[in-house]
Amino acid sequence: MSEPINANPKVLSFEDLPTRSPASEEIFGDSSSIKATFPHSALDGAFPTISLYESYSSSLLLGEDGLADDDIEMKAAPELSSGESDVSDDQSDIEEHEPIDEQEIYDLISTISDPEHPLTLGQLAVVNKPDIYIVSPKDANGRHQKISRVIVEITPTITHCSLATLIGLGIRVRLERCLPPRFRIEIRVKQGTHQSESQVNKQLNDKERVAAACENQQLLGVLSGMLATCK
Amino acid sequence: MPIKQVHSIPAHVDRIWNLAPHPTLPLLAAATSDKSAQIYSLNTYFPVAQLDGNHKRSIRSVSWKPKSGSNSEVVLATASFDGSVGIWIRDSDRYAQEVGSTGDSGSIGLEEWEFVASLEGHENEVKCVDWSCEGTHLASCSRDKSVWIWEADEDNEEFECLAVLQDHTQDVKHVVWHPNEDLLASASYDDTIRLWREDDDDWVCSGEIIGHRSTVWCIDFDKTTGEGAARLVSCSADETVRVWSRESMTGNTAHRDIPSTFRSDPISENWQQEAILPQRHSGPIYAVSWSGQSGRIVSVGADGLLVVYQEVKTGEWEVIAEEEDAHSVFEINTAVWSRKWKSTASHGQEGDGEKGEPKPEEAEIIITGGDDGNINIWEVTFQK
Numbered sequence: 001m002s003e004p005i006n007a008n009p010k011v012l013s014f015e016d017l018p019t020r021s022p023a024s025e026e027i028f029g030d031s032s033s034i035k036a037t038f039p040h041s042a043l044d045g046a047f048p049t050i051s052l053y054e055s056y057s058s059s060l061l062l063g064e065d066g067l068a069d070d071d072i073e074m075k076a077a078p079e080l081s082s083g084e085s086d087v088s089d090d091q092s093d094i095e096e097h098e099p100i101d102e103q104e105i106y107d108l109i110s111t112i113s114d115p116e117h118p119l120t121l122g123q124l125a126v127v128n129k130p131d132i133y134i135v136s137p138k139d140a141n142g143r144h145q146k147i148s149r150v151i152v153e154i155t156p157t158i159t160h161c162s163l164a165t166l167i168g169l170g171i172r173v174r175l176e177r178c179l180p181p182r183f184r185i186e187i188r189v190k191q192g193t194h195q196s197e198s199q200v201n202k203q204l205n206d207k208e209r210v211a212a213a214c215e216n217q218q219l220l221g222v223l224s225g226m227l228a229t230c231k
Numbered sequence: 001m002p003i004k005q006v007h008s009i010p011a012h013v014d015r016i017w018n019l020a021p022h023p024t025l026p027l028l029a030a031a032t033s034d035k036s037a038q039i040y041s042l043n044t045y046f047p048v049a050q051l052d053g054n055h056k057r058s059i060r061s062v063s064w065k066p067k068s069g070s071n072s073e074v075v076l077a078t079a080s081f082d083g084s085v086g087i088w089i090r091d092s093d094r095y096a097q098e099v100g101s102t103g104d105s106g107s108i109g110l111e112e113w114e115f116v117a118s119l120e121g122h123e124n125e126v127k128c129v130d131w132s133c134e135g136t137h138l139a140s141c142s143r144d145k146s147v148w149i150w151e152a153d154e155d156n157e158e159f160e161c162l163a164v165l166q167d168h169t170q171d172v173k174h175v176v177w178h179p180n181e182d183l184l185a186s187a188s189y190d191d192t193i194r195l196w197r198e199d200d201d202d203w204v205c206s207g208e209i210i211g212h213r214s215t216v217w218c219i220d221f222d223k224t225t226g227e228g229a230a231r232l233v234s235c236s237a238d239e240t241v242r243v244w245s246r247e248s249m250t251g252n253t254a255h256r257d258i259p260s261t262f263r264s265d266p267i268s269e270n271w272q273q274e275a276i277l278p279q280r281h282s283g284p285i286y287a288v289s290w291s292g293q294s295g296r297i298v299s300v301g302a303d304g305l306l307v308v309y310q311e312v313k314t315g316e317w318e319v320i321a322e323e324e325d326a327h328s329v330f331e332i333n334t335a336v337w338s339r340k341w342k343s344t345a346s347h348g349q350e351g352d353g354e355k356g357e358p359k360p361e362e363a364e365i366i367i368t369g370g371d372d373g374n375i376n377i378w379e380v381t382f383q384k
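Quick mapping for you: the protein sequence lines, in order, are chains A and B. Final position of the first sequence in full-length UniProt numbering is 231; the numbers increase by one with none missing. Final position of the second sequence in full-length UniProt numbering is 384; the numbers increase by one with none missing.
Treat each hint with caution, since some may be false.
A few chain A residues that face chain B, going by a derived Cβ cut-off under 10 Å, partial list only [as the list claims (entries may be wrong)]:
(1) PRO137
(2) LYS138
(3) LYS146
(4) ASN216
So these bits of chain A aren't anywhere near chain B, every CB distance computed over 12 Å [stated by the list, open to error]:
(5) ARG20
(6) LYS190
(7) GLN203
Think about it this way: if two alpha-carbon atoms lie no more than 25 Å apart in a straight line, the pair counts; the simulated BS3-like pairs of lysine-lysine are [said to hold, decoys possible]:
(8) A:LYS207 <-> B:LYS145
(9) B:LYS223 <-> B:LYS313
(10) B:LYS145 <-> A:LYS146
Think of the hints as simulated: they come from the structure by calculation, not from any bench. Note that the Cβ used here is the ideal one computed from N, Cα and C, for glycine as well.
I would like the entire structure built from these sequences, with the hints used as guidance.
So this is what it looks like as structure tokens:
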């Protein structure tokens, strides 16, 4: 990419990104309000900090029963639990019964790299935890239906970002690969953040277009580059 | 629940995009994301052939050429994301020979199929392909926003493109021919349905149906209407299934010898919405099928729900059967009605000879295919 579309995006420092820690959620719950400015603080530590951030969050991920605040009954995807291979046996038991929540979705997608900046979607605040929704409807008997929805609203760094569909596709591919098939994934541009919002949304949620795009080798190359920074 | 699953074929590990039963033979074709098409026997539910090696990307759609008159060959068209349409013919000589020598059936590779033609021209993914009722024309549509109409020679090896229709403003998702008129309908990502007719050697857009509020994924004609009447059903990402009927037509009868450019009555037809079927789905509805036998409609979609509707009186429909999680937690991409074929003990008789062919029973079945790679067979047991 010769000329970045947005040469000067706002960047969050990794300490400000939401994690499972209750303390940090309290303080930094509204992550979008805390922003550092490009380029100095952010670029320095962009990639090294990713691994730091991961070990930090995964160490906090376990033994926090109280944090399973949603009432969704589900097992973690095999791909998800395999990421925590360093935990002991009884801990992974807990992990298995822990439902997938917004933080887990955030952890899966916030580490995706932006296609034009050497930064993650979390750092660029393209992906924000308050914009991730898990909807698990109940049937008439009060049981959870088998199929749940994951809705991710992305915030492009600029309103005419032509890479919004590529970013959205990267998020969709990441979630399709990691989540069990009972999840229906919806990727949308957050309202008012993109000039061709409805077009982008329609494209990102057209199953056939997504499937065809994923058979395009060139595009797959770009996507795997974006996903290379994920754990 | 007056619907029951009578069989499930674990066909693929990957997505099944489309299923098509042969109009007169107990054969089922499946289009899959593994770049192949498979043929199953509807007598035994066993695979009888695998068509692969020619398409470079997913096969999105399959369509059988109807047999008529002297045309006795079994021909399948495949539409692929690689931008081409494939034409395959069953090698009937070898087929007859093998059946004669072994009498054994039910394994892949019994039938030999020949890839006879590749129709090139679309700029990118071909989404759907459909043969006209007489088998004289073939329609294809693509993300390149166009609908192409092809004409085949007797051997199905030479195809001539008769028209490239470019009125849609977005991807064309689906095409389907009227059961007895030379009338084609197409459904699009531009939320509309268009109708196409031949007018003095030119193919023209004879009508446009506006009403859906999102992508129209699939359409099907009513096969039970009388002469001159036409209805079609459509399903959409707007979560509705709608029935439309043709109210009037112009330009089709008088002065056909005068070139269309000099005629005062250009060919056109007026379609109106007749009904929105009871709304059950949440999420995009990917397929509808209108039964030629019972007049019922079936719809399936991303929510995994299978819904069967019956018309109580003209324009008034009720849900007579509903099945949740019809492919467990997976999305359902295709649903189609078929005659139910007798399950005979001596299989291998399902050849193209008219003799020895099992008689279709009165009962009909619904065949569905999903992202789980399964083909499920359903019977509506409720009789009204």
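Verification of the hints:
1. PRO137: At 8 Å from the nearest chain B Cβ, PRO137 of chain A passes the 10 Å test, so the hint holds.
2. LYS138: violated, 13 Å
3. LYS146: holds, 5 Å
4. ASN216: For ASN216 of chain A, the interface hint holds, since the closest Cβ of chain B sits about 9 Å away, which is under 10 Å.
5. ARG20: Its Cβ never comes within 12 Å of chain B, the nearest being 27 Å, so this holds.
6. LYS190: The assertion about LYS190 of chain A holds, with a minimum of 20 Å to chain B.
7. GLN203: violated, 9 Å
8. A:LYS207 <-> B:LYS145: holds, 17 Å
9. B:LYS223 <-> B:LYS313: holds, 17 Å
10. B:LYS145 <-> A:LYS146: violated, 37 Å
The structure shown violates the earlier hints numbered 2, 7 and 10.
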